[in-house]
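A.B. asks: Chain by chain, the residues:
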Amino acid sequence: MQASDRFNINSQLEHLQAKYVGTGHADLSRFEWAVNIQRDSYASYIGHYPMLAYFSVAENESIGRERYNFMQKMLLPCGLPPEREDD
Amino acid sequence: MYLYNLTLQQATGIVSAINGNFSGGKIQEIVVARGKILSLLRPDELGKLHTLHSVEIFGCIRSLAQFRLTGAQKDYIVVGSDSVRIVILEYNKEKNVFDKVHQETFGKSGCRRILPGQYLAIGPKGRAVMIGACEKQKLVYVLNRDTAARLTISSPLEAHKSHQDSTGVAAGEAQKHLTFYELDLGLNHVSRKWSEQVDNGANMLVTVPGGGDGPSGVLVCAENFVIYKNQGHPDIRTVIPRRADLPEERGVLIMSAATHKQKSMFFFLLQTEYGDIFKVTLEHGNDGVTELKIKYFDTIPVTASMCVLKTGFLFAASEFGNHALYQFQAIGDDPDVESSSSTLMETEEGFQPVFFQPRGLKNLVRIDQAESLMPIMDMKIANLFEEETPQIYSLCGRGPRSSLRILRPGLAISEMAVSQLPGVPSAVWTVKKNVNDAFDAYIVVSFANATLVLSIGETVEEVSDSGFLDTTPSLAISLIGDDSLMQVQPNGIRHIREDGRINEWRTPGKRTIVKVGSNGLQVVIALSGGELIYFEVDMTGQLMEVEKHEMSGDVSCLDIAPVPEGRQRSRFLAVGSYDNTIRILSLDPDDCMQALSVQSVSSPPESLLFLEVKASIGGEDGADHPANLFLNAGLQNGVLFRTVVDMITGQLSDSRSRFLGLRAPKLFSVKVRGRPAMLCLSSRPWLGYIHQGHFLLTPLSYEALEFAASFSSDQCAEGVVAVSGDTLRVFTIEQSDKGSYTAEEREAARKECFEAAGMGENGNCTMNQMENGGDDEDKEDPLSDEQYGYPKAESSKWVSCIRVLDPRTATTTCLLELQDNEAAFSVSVCVLFLEDGRSLELLHKTQVEGVPLALCQFQGRLLAAIGSVLRLYDLGKKRLLRKCENKLFPNTIVSIQTYRDRIYVGASKRRDENQLYIFADDVVPRWLTASYHIDFDTMAGADKFGNVYFVRLPQDVSDEIEEDPTGGKIKWEQGRLNGAPDKVEEIVQFHVGDLVTSLQKASLIPGGGECVLYGTVMGSLGALLPFTSRDDVDFFSHLEMHMRQEHPPLCGRDHMAYRSAYFPVKDVIDGDLCEQFPALPLDLQRKIADELDRTPGEILKKLEEVRNKII
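Protein sequence lines correspond, in order, to chains U and A.
Throughout the first sequence, residue numbering follows our numbering, covering 486 to 572 in sequence.
Throughout the second sequence, residue numbering follows our numbering, covering 38 to 1148 in sequence.
Worth double-checking, as some hints may not be accurate.
[As the list claims (entries may be wrong)] Computed far set for chain A versus chain U, every beta-carbon distance over 12 Å:
#: 1; residue: GLY62
#: 2; residue: LYS145
#: 3; residue: ALA158
#: 4; residue: ALA186
#: 5; residue: SER232
#: 6; residue: HIS270
#: 7; residue: ILE368
#: 8; residue: GLN406
#: 9; residue: PRO427
#: 10; residue: VAL551
#: 11; residue: GLN631
#: 12; residue: LEU699
#: 13; residue: ARG919
#: 14; residue: PRO1043
#: 15; residue: ARG1067
#: 16; residue: SER1097
[Stated by the list, open to error] Capping the alpha-carbon separation at 27 Å, the derived lysine-lysine pairs in DSSO-like fashion look like this:
#: 17; chain 1: A; residue 1: LYS145; chain 2: A; residue 2: LYS175
#: 18; chain 1: A; residue 1: LYS347; chain 2: A; residue 2: LYS130
#: 19; chain 1: A; residue 1: LYS213; chain 2: U; residue 2: LYS504
#: 20; chain 1: A; residue 1: LYS651; chain 2: A; residue 2: LYS708
#: 21; chain 1: U; residue 1: LYS504; chain 2: A; residue 2: LYS230
#: 22; chain 1: A; residue 1: LYS173; chain 2: U; residue 2: LYS504
#: 23; chain 1: A; residue 1: LYS162; chain 2: A; residue 2: LYS145
#: 24; chain 1: A; residue 1: LYS175; chain 2: U; residue 2: LYS504
#: 25; chain 1: A; residue 1: LYS585; chain 2: A; residue 2: LYS651
#: 26; chain 1: U; residue 1: LYS558; chain 2: A; residue 2: LYS300
#: 27; chain 1: A; residue 1: LYS347; chain 2: A; residue 2: LYS298
#: 28; chain 1: U; residue 1: LYS558; chain 2: A; residue 2: LYS173
#: 29; chain 1: A; residue 1: LYS300; chain 2: A; residue 2: LYS330
#: 30; chain 1: U; residue 1: LYS558; chain 2: A; residue 2: LYS145
#: 31; chain 1: A; residue 1: LYS198; chain 2: U; residue 2: LYS504
#: 32; chain 1: U; residue 1: LYS558; chain 2: A; residue 2: LYS330
#: 33; chain 1: A; residue 1: LYS145; chain 2: U; residue 2: LYS504
#: 34; chain 1: A; residue 1: LYS198; chain 2: U; residue 2: LYS558
Because the hints were derived from the structure by calculation, they are not lab data.
Beta carbons are placed, not taken as given, at the ideal position from N, Cα and C, and that holds for glycine.
Hey, can you work out the whole structure from these sequences and the hints?
C.D. replies: Right under this line is the structure:
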């Protein structure tokens, strides 16, 4: 495989990752992976109304409030990222 | 094992509702999405809600929007679902269906965060629609029309904005933005026109009318605030008034909004999460908006969507509990608590809110409600009333609006009058004075030795001038010819002409009349001994004897087919004999009394009825179908026998029978929604009618009746008068004007509501319910909690009680309130705890270290699941005594069931079986919401993603464990895959598409097979019926396959993909899809039938048969 090809594949991958949020890659950190999973989960809860209703019964909130809470949590589902170790 | 999935009651909760003129013209209609069901509702002038059409789309509807092209008369519906297709629907008034106008794919399927479908926005003039995802993606479609005025749709234009943030620095200081997009039709491009920061609590946008109607711009609803924003306009901000008793740390969030726009003014109604509605008005002039006012309007239960109709109604689709239709009494012009942008006060602690107290309804008045079972928290099927069929006891709703509802299969009826009669009547008829009269003139009741005539007017009273002979019992009363009346009594026929002249015909010798059949122009009587005498009404209105015929034996019943339109007479007479036969005789002059066909039946027929079905070409009747004549016979063994009569030759074909009850069914013809229907009175009443082209037989939720007749007066156009015991009853059948109530929602019907805000327990049925928050100290509050909700408490506070109910009297026999922030999470009927069966006594409390989520009786002891520990307790004097325990479960245990010496445990992530040594578990981790033990080796379970599955222990493992003297101890010590040594096999897998909260195995009809019933959060009930023959499995899998190909779901979701959303569907055939077969066009029906080597009629019969096995 030539060097230019590899560059090409990499750039294609980068393009795909930019286009499809949540696509993993080889250098994905544990934190990024968890964030993606959590965001996907919250989006799924928001999309599936029966699930939203189930949570809202358990938490004694209205369905709308529950949706709002989940939406807010999508921003930082796992808290702030850990400090990067530059090595 | 193969299962057939059938929804018994469609979901009743509402996800989203929109209003508009979907059928064209001026009629206001509402389209509601109920999760996987789309229905069209129409409120009539009186404010009663009718469901016109309801269709399952096999997908998950997330958003709805309506739009109208400029100058058009009709609104289109845009649906955002999990199909990743934009679907535009149009309601077809003629066929009563939703037609798919456009369906454009934009991605791979699923309910995922970057797939558009969550949000929909329509351009102000209906020129474009934007469909957005939770994250990043937004697509714009341009809507236009072609030269033939058909709607066209462009290819999508992207309006994405990418915001990758891997460091999280930006997330920490993230700011929400409000962005205006502009569609440039010339460049065919969407541009971000203007973007500005907004409050981070923003959760909803409401469009402000622009152009000539208003200042344009948007209202941004945020936590505690409503902000008016527009490009190049300063923000106008108002704080939302707060309830005085609301804890300070709680915000106020707007949940739903509705806009009302008239020529001269517009206003918005915004509802908060506590149920308070505010009216928002804007003061605006040439220099933009100057003031934003929020005024308290009224309080109604929290809604998912509100629709203001132009006819002065407000449709409130409640989040939980019944939906309601309100009428506007006023539009909130009276002074009330008001918050305005001009008086906004900012202090050091932030903006100062205005406080108010909720009050009774002032501007709205509720006029109708639509039942909603959402959410069904638990359900038990039991026959506590000792009726023929078991009842379904379900706990519905939550908090102050929760109730215990008893559901019976059947159509709802509403009773109009019950009156006592002097004796026990044997029969009842109603009769008109003239064919052209709209209403009946008399009700005639026959007793053993007398006849009572009641005239119908303002009131119903006895009369003696009717001409009927009242000293003898009657066999039949009817209108004959155009305007004369006929009374048939055992000794003769009395013919009463319009002018009062009476003609009598007497029976020859000592013979008496035993049976009569008539249709208004023809009369046939059967004398004792088996002689038939046929009369016809001639041109002058005289009743003339035409023919005599001697039968071989006594006649058990008779009926004449109705006279076909434009004919002089009907050709068919059906005669039932005690030798178990039904004969069709001809009444034509040239072959009068010739037998046309003979049908032998299993037992002597007791009652016969011809039911004529007129040809239909769709419309509100449903599907198109040809005209048909059915002969129905009620047999002495309780079976209803139905067969098709060839309209020309009189040959009988395509016979079906169904067991209705313990008594021979008596058949009566009635009208329901102007169409002929049949009332069958066995040990319970049934109604047979045509719905969407196929015949349905459905029980009525009413007591057993003896005799019935249709009834029509100006108070009640389509009623039924019936006798039962010594009472005369008048009632109407509620069904059929609610299209969907007929076929799909049979289960709904009658309910009894109890306020069961706690735990109910009765005999063999256990129910529990939790209620979080809510301090119920303010009992003196005059406002009902049902309407206003409980005050919010801290999330760590609990209020809970245990209630024992007697469902017969709907009273609470025992109420145990739990003290000190305790909550009941689980309850078990353990003989140890029950006192005298009617009340409970607190024996003692045992402190445990975690929340016990499941309790169960096991060999006279108590099994408790405390967190992830399973422990066996015995009853001690002061407390429970620990006997043994197992701490090896990986997650919290949520359910336990026992059978013989096995314990079946449902953990919230893993399902295991346990003998205090876990000997088998499942390989798939699950979030279990319900489980039910099916047999010794099989469990059914449901998870929170909406899947139902069955797992079974392999036979060899089961045998091995039974023979193992150590009960699996040695094997357990070896272990496998971090779990139990043996794994269970998944034998059934199905995605219901709704969160199943309860499962139970039960048989809903006497003698019917057992099926697994499930109740869901959205308030629907369904059944899984195991197939008993391989042929049926083959037939239905092929039918399902063809239906998938020929009739893909309405909103573009692939049916197979939907039913396999989380796990591939296994061995379940979707009856809901198969039951859409009768709704297909005739040629498509024939095509599918040909592929299956059957006729469409045979397929309909199969569908009917399998449904009859369940309900």
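A.B. asks: The structure should be examined with respect to each hint, and the outcome stated for every one.
C.D. replies: Okay, the hints, checked on the actual structure:
no.: 1; hint: GLY62; in the structure: holds, 32 Å
no.: 2; hint: LYS145; in the structure: violated, 10 Å
no.: 3; hint: ALA158; in the structure: holds, 17 Å
no.: 4; hint: ALA186; in the structure: holds, 35 Å
no.: 5; hint: SER232; in the structure: holds, 18 Å
no.: 6; hint: HIS270; in the structure: holds, 26 Å
no.: 7; hint: ILE368; in the structure: holds, 24 Å
no.: 8; hint: GLN406; in the structure: holds, 19 Å
no.: 9; hint: PRO427; in the structure: holds, 26 Å
no.: 10; hint: VAL551; in the structure: holds, 59 Å
no.: 11; hint: GLN631; in the structure: holds, 62 Å
no.: 12; hint: LEU699; in the structure: holds, 40 Å
no.: 13; hint: ARG919; in the structure: holds, 29 Å
no.: 14; hint: PRO1043; in the structure: holds, 33 Å
no.: 15; hint: ARG1067; in the structure: holds, 35 Å
no.: 16; hint: SER1097; in the structure: holds, 16 Å
no.: 17; hint: LYS145(A) / LYS175(A); in the structure: holds, 15 Å
no.: 18; hint: LYS347(A) / LYS130(A); in the structure: holds, 20 Å
no.: 19; hint: LYS213(A) / LYS504(U); in the structure: holds, 22 Å
no.: 20; hint: LYS651(A) / LYS708(A); in the structure: holds, 13 Å
no.: 21; hint: LYS504(U) / LYS230(A); in the structure: holds, 23 Å
no.: 22; hint: LYS173(A) / LYS504(U); in the structure: holds, 10 Å
no.: 23; hint: LYS162(A) / LYS145(A); in the structure: violated, 30 Å
no.: 24; hint: LYS175(A) / LYS504(U); in the structure: holds, 13 Å
no.: 25; hint: LYS585(A) / LYS651(A); in the structure: violated, 32 Å
no.: 26; hint: LYS558(U) / LYS300(A); in the structure: violated, 42 Å
no.: 27; hint: LYS347(A) / LYS298(A); in the structure: holds, 9 Å
no.: 28; hint: LYS558(U) / LYS173(A); in the structure: holds, 16 Å
no.: 29; hint: LYS300(A) / LYS330(A); in the structure: holds, 20 Å
no.: 30; hint: LYS558(U) / LYS145(A); in the structure: holds, 25 Å
no.: 31; hint: LYS198(A) / LYS504(U); in the structure: holds, 10 Å
no.: 32; hint: LYS558(U) / LYS330(A); in the structure: violated, 31 Å
no.: 33; hint: LYS145(A) / LYS504(U); in the structure: holds, 14 Å
no.: 34; hint: LYS198(A) / LYS558(U); in the structure: holds, 20 Å
Hint check: violations occur at hints 2, 23, 25, 26 and 32; the rest are consistent with the structure.
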